[in-house]
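Colleague: What follows is the residue order along each chain.
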Amino acid sequence: MKTVLNVRVLLYYAFALLVAFGFMGTLLLALGYSPINGYATFFKTPFMNLRAIGLFLVKFTSLYLMGLAFAVPLQARKFNVGNEGQFLLGAIGAAVAGIYFGGLPSFVALPLGLIMACLLGMLWAAMPAFMLFLFNVNEIVSTILFNFISFYLVDYIALGSLRDVFAGHPMTIPVSNNARIPTIVPQTNINAGLVIAIIVGVGMYIVVSRTTYGYELRAAGSNPIASEKHGINVKLLAPLSLIMGGALAGLAGGIEVLGYHYRLIEGMHGFYSPLSIILTLMVKGNPLLLFLSTFFVTLVDVGSNALQRTMGVPVEISLILLGLLMLLIMIAEYLSERR
Amino acid sequence: MVIFLRIELIDISKSFGDVKALDHVNLTINSGEILGLLGENGAGKSTLMNILFGLYRMDEGEIRIDGRPARISSPQDAISKGIFMVHQQFKLIPTYTVLDNLFINYVKGMDSLKPRRVKDEVRIVEELMKSLGFYLPLDEKIGNLPLGVQQRVEIIKAFLRGASIIILDEPTTNLTPLEVEELFKLMRDLKKKGIGFVFITHKLREVMEIADRVAVLRKGRLVGERRIHETNPEELVEMMVGQRIENLYQFELKPSEQRMEPVLELRDVVYAEKGILKLKNISIRVYPGEIYGIAGIAGNGQSELLNIITGYLKPSSGKIVFEGKDITNTPILKRIELGIRVIYEDRVRDGALPSLPIFDNSILGDHVFPPFAKGKILNRDEISARAERIVRIFKVATPSISKIAGRLSGGNLQKLMVGRALDKQPRLLVAYTPTRGLDVATTRFVLEKIVEVRNNGGAVIYIGEDLDELISISDRIGVMYKGELMGELQRKEFSKEVIGKMMAGYRLAEAMSK
Ligand SMILES: Nc1ncnc2c1ncn2[C@@H]1O[C@H](COP(=O)(O)OP(=O)(O)OP(=O)(O)O)[C@@H](O)[C@H]1O
Ligand SMILES: [Mg+2]
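Residue numbers (my numbering), protein chains in the order written: chain A, 16 to 354; chain B, 258 to 771.
The hints are simulated quantities; they were obtained by calculation from the structure and are not laboratory data. Treat the hints with care, as some may be off.
Stated by the list, open to error - EDC-like mimics (lysine to aspartate or glutamate), calculated; alpha carbons at most 16 Å apart, straight line: (1) B:Lys-591 - A:Glu-243; (2) B:Lys-460 - B:Glu-495; (3) B:Lys-582 - B:Glu-522; (4) B:Lys-571 - A:Glu-243; (5) B:Lys-476 - B:Asp-280; (6) B:Lys-460 - B:Glu-491.
As the list claims (entries may be wrong) - One-sided excerpt, in silico: chain A residues whose CB lies under 8 Å from chain B: (7) Asn-192; (8) Thr-226; (9) Tyr-228; (10) Tyr-230; (11) Arg-233; (12) Ala-234; (13) His-245.
What the hints assert, rightly or not - Every beta carbon over 12 Å from chain A, so not counted as near; a handful from chain B, in silico: (14) Asn-489; (15) Gly-622; (16) Arg-649; (17) Glu-750; (18) Lys-758.
For each residue, glycine too, the CB sits at the ideal point set by N, CA and C.
Whenever a hint applies, use it, and build me the whole structure from the sequences.
Modeller: Here it is in structure tokens:
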């Protein structure tokens, strides 16, 4: 999978960025805020101190893995919009394992928590995958339905016997220290989860572009009939890719629980799923370019939160910005494809 | 009434990166006239027409309509000026009826909100069909109709929407001879009504039959124009290729050795689909160093036969034996490993991975075998080496092997498909009209390559629709009709007349005696 980037294409993208941010400034001005202060807050806050950088990287890690969970099935033209539910199931798995098996030594408890997260994520993807395999049920519909079920499952756990009764918001008691992912920079939230995400990301790039499995995924995505006529089991492959996506989303949930919140919290999935879809489509699912687009989307997300906190700009500006950018990227692509 | 148009393409140039696809081309197209457009693969025929239809932008040059400069920057522009194009992939909606397809997008703007007046529509079409003397099943869903009929729906649709010029890019490639005749009749009738056609093809016979005038492109340049009665096929070939080609259909078939064990044996193969018998007790033996030709009109079971040999379809009963082993239940990949190679009939549907680069396309089917994969890991060097080899030997016109396969010209994509199947000497090659969409010289080259497979001891099953081709390279020919083998002829018995009769349903003995 070679990424062909020529100067003209890069220019189109740069132009798209410029227009999007120009529009943001204009919007701020129109709403009566100072655009200069706005830009400063937007770009500086995420990096102003170690703590901020820590929060940035936590978000980056989750968004990246969520993007990957969407990107891998995308190779086979399957749309895993269920990464939200799979993320939550991963979080549940990690939290429950981290509480119940927290007594075990760290080198057992921590991997166990992460494996549970992956397994539950896979399980959550496996059901739609089976429905796809057996009855050809469209994965977009079925995975969304499973997202809804997952919200109630989270409530069930966070309000059940593991509930933290002292907290106002539904959440579980913390996982034991042994199950936590170690921080790599003291006094911050920067934890080894980031390293795991990078390794998994590079690994996925290799799987997709350098293995026969990845080849078959891409072939099936490009032309299922030709693939089948040349011996690729498309019927099996597409569901498998969904299950793999499930493992990745589950891992994202597990890392966020064991490396940052240390517990399951209702609503912790935030806007991860829609953002992850946007950032994946921006780079057409290339796992390496995904690092770039995730960085950028995280910046927009964190930056707009900062705008809201310090200047009172509604946080929805991030969605406006991303939506506009996505649109511009699509136009840029059209222009660079046009002959 | 059809509006008369005179379109002048003036000094048109167009490059794709380093590839100069068109180099100062001048051409005039008139309503009421059929212009044949000829040229080798990659000569720029499709590009020129895509520019006229507003799909591509030209780098240099001008289009004039009736003497006035015209701006055509999108298909909508072209259509509003009366210029239509029928692509090889039709733009009809398969789940809609013929009538719906004819009138979709017929009306523009606010008018499209008005309820359709189906009665009027039916009346308009019926009158038209009557004046043309043919019939379309208006209530039938497009998807249920043969390609030839779908194509005529596209053309009628263009006519109803006010076409003056209709561009047909290789319209006959996927048609049976009968369908070609019907297409030509429609073209002639519409010509009488004032429509002009641009007709792209690689078959000189067709140009000689239908065109009034012919223009030839070579490597992006217009090399000449002729009135059709002032030229002949030999001259046109010379214009296309730049040199004379002698003995287009003569090949050196090395004498085969004594008959040994067959490479492939089909024993009483029956195949039924949804209760309909597609193959009836087919028994064929193909020997090493032999080309077994299969003649027949498309749709008489050839596709099913091919898919049964490759393993994509399972026979309902009967046996497939390959080099003495029963492979009736052997999966596709295993058969590829045994040395069975295939060139499928429809490169776009069955062969290509359009959104992936050429190098990925070059190993489809071989992607799990050494040297392209070691265990589960792809060997990129070996893959590139194969792609480079195919591009070099088969002269696939492309700046690099990392270009997306979907961007190749039709003929060049076909060369890639053929190259993929022939890169490694097959033990059995099954090829279905592998020269589809190839120019004269390349057709000759591909046939030579297939003869080479035979001369090197491989067995070949060649399913063809062109009798000249079949007769020139086959050792034996079997004729299929309605899923049945009507008989086999030895090379010394070949006669177009007999084969033609068998294709129409006579058995060998009957065909010989009449
Ligand atoms: N979209 C494209 N991008 C890059 N190169 C292109 C594109 N379209 C055509 N080309 C190149 O331009 C040249 C002319 O191609 P074109 O499709 O016009 O040939 P053609 O005469 O229609 O050939 P064929 O008989 O094989 O269909 C070829 O070298 C082709 O590879
Ligand atoms: Mg073409």
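Colleague: Work down the list of hints and note, for each, if the structure agrees.
Modeller: We went through each hint and held it up to the structure:
no.: 1; hint: B:Lys-591 - A:Glu-243; verdict: holds (14 Å)
no.: 2; hint: B:Lys-460 - B:Glu-495; verdict: holds (14 Å)
no.: 3; hint: B:Lys-582 - B:Glu-522; verdict: holds (10 Å)
no.: 4; hint: B:Lys-571 - A:Glu-243; verdict: holds (14 Å)
no.: 5; hint: B:Lys-476 - B:Asp-280; verdict: holds (8 Å)
no.: 6; hint: B:Lys-460 - B:Glu-491; verdict: holds (12 Å)
no.: 7; hint: Asn-192; verdict: violated (39 Å)
no.: 8; hint: Thr-226; verdict: holds (5 Å)
no.: 9; hint: Tyr-228; verdict: holds (6 Å)
no.: 10; hint: Tyr-230; verdict: holds (5 Å)
no.: 11; hint: Arg-233; verdict: holds (6 Å)
no.: 12; hint: Ala-234; verdict: holds (5 Å)
no.: 13; hint: His-245; verdict: holds (4 Å)
no.: 14; hint: Asn-489; verdict: holds (36 Å)
no.: 15; hint: Gly-622; verdict: violated (4 Å)
no.: 16; hint: Arg-649; verdict: holds (20 Å)
no.: 17; hint: Glu-750; verdict: holds (34 Å)
no.: 18; hint: Lys-758; verdict: holds (33 Å)
Going through the hint list in order, the structure does not satisfy hints 7, 15.
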